[in-house]
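*Asks:* Everything in the sequence shown is counted per full-length UniProt numbering, starting at 1 for the first residue and increasing by one.
Rather than coming from a laboratory, the hints here were simulated on the basis of the structure.
A few of these clues could be false.
[Unchecked claim] Taking CB as the label site, the calculated pair distances span:
#, residue 1, residue 2, range
1, Arg56, Lys36, 47 to 55 Å
2, Arg63, Gly32, 34 to 42 Å
3, Met57, Ala19, 26 to 34 Å
4, Lys51, Gly8, 22 to 30 Å
5, Arg56, Val10, 28 to 36 Å
6, Thr64, Lys3, 28 to 36 Å
7, Leu12, Pro50, 15 to 23 Å
8, Gly65, Lys9, 21 to 29 Å
[Unchecked claim] Pairs of lysine-lysine residues, derived as DSSO-like cross-links and limited to a Cα-Cα distance of at most 27 Å, are as follows:
#, residue 1, residue 2
9, Lys22, Lys3
10, Lys69, Lys22
11, Lys22, Lys51
12, Lys36, Lys55
13, Lys55, Lys9
14, Lys55, Lys6
15, Lys55, Lys69
16, Lys9, Lys22
17, Lys52, Lys3
18, Lys51, Lys9
19, Lys51, Lys3
20, Lys36, Lys6
21, Lys51, Lys6
Every residue, glycine too, gets a C-beta built ideally from N, C-alpha and C.
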Amino acid sequence: MGKIMKPGKVVLVLSGRYAGKKAIILRNYDDGTSAKQYGHALVAGIDRYPKKVHKRMGIRLERTGGFSKNSDSNCM
Numbered sequence: 001m002g003k004i005m006k007p008g009k010v011v012l013v014l015s016g017r018y019a020g021k022k023a024i025i026l027r028n029y030d031d032g033t034s035a036k037q038y039g040h041a042l043v044a045g046i047d048r049y050p051k052k053v054h055k056r057m058g059i060r061l062e063r064t065g066g067f068s069k070n071s072d073s074n075c076m
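Kindly produce the complete structure, drawing on both the sequences and the hints.
*Replies:* Here is the structure:
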């Protein structure tokens, strides 16, 4: 069976603080590392999407926020 989690693939974070947010896999560790013995990946995504802004609304709603984290392969 081929590897599913490849760098550049868009995934949906299923659990944790960023649950329901879309992310992109930057680096994948299928076999784990010495610190983490399980498969995980470094992902980056957008935490806050910009909202639709009208003239009378503040510019604060246009701000976006990003995140990056090491996520377990089961959580994507």
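*Asks:* For every hint, state whether the structure bears it out.
*Replies:* Evaluation of the provided hints:
1. Arg56 with Lys36: 47 to 55 Å: Given about 49 Å between the Cβ atoms, the range holds.
2. Arg63 with Gly32: 34 to 42 Å: holds, 36 Å
3. Met57 with Ala19: 26 to 34 Å: For Met57 and Ala19 the Cβ distance comes to about 28 Å; the hint holds.
4. Lys51 with Gly8: 22 to 30 Å: Because 28 Å falls inside the window, the suggested range holds.
5. Arg56 with Val10: 28 to 36 Å: holds, 35 Å
6. Thr64 with Lys3: 28 to 36 Å: holds, 31 Å
7. Leu12 with Pro50: 15 to 23 Å: holds, 20 Å
8. Gly65 with Lys9: 21 to 29 Å: holds, 22 Å
9. Lys22 with Lys3: holds, 20 Å
10. Lys69 with Lys22: holds, 13 Å
11. Lys22 with Lys51: Distance of about 16 Å is within 27 Å: holds.
12. Lys36 with Lys55: Roughly 49 Å separates the two Cα atoms, so the pair is violated.
13. Lys55 with Lys9: violated, 37 Å
14. Lys55 with Lys6: violated, 42 Å
15. Lys55 with Lys69: violated, 35 Å
16. Lys9 with Lys22: Status holds; Cα separation ~10 Å.
17. Lys52 with Lys3: violated, 38 Å
18. Lys51 with Lys9: Holds: Lys51 and Lys9 sit about 25 Å apart, inside 27 Å.
19. Lys51 with Lys3: violated, 36 Å
20. Lys36 with Lys6: Given pair Lys36, Lys6 holds - Cα atoms ~19 Å apart, limit 27 Å.
21. Lys51 with Lys6: violated, 30 Å
Hints 12, 13, 14, 15, 17, 19 and 21 from the list above are not met by this structure, while the remaining hints are.
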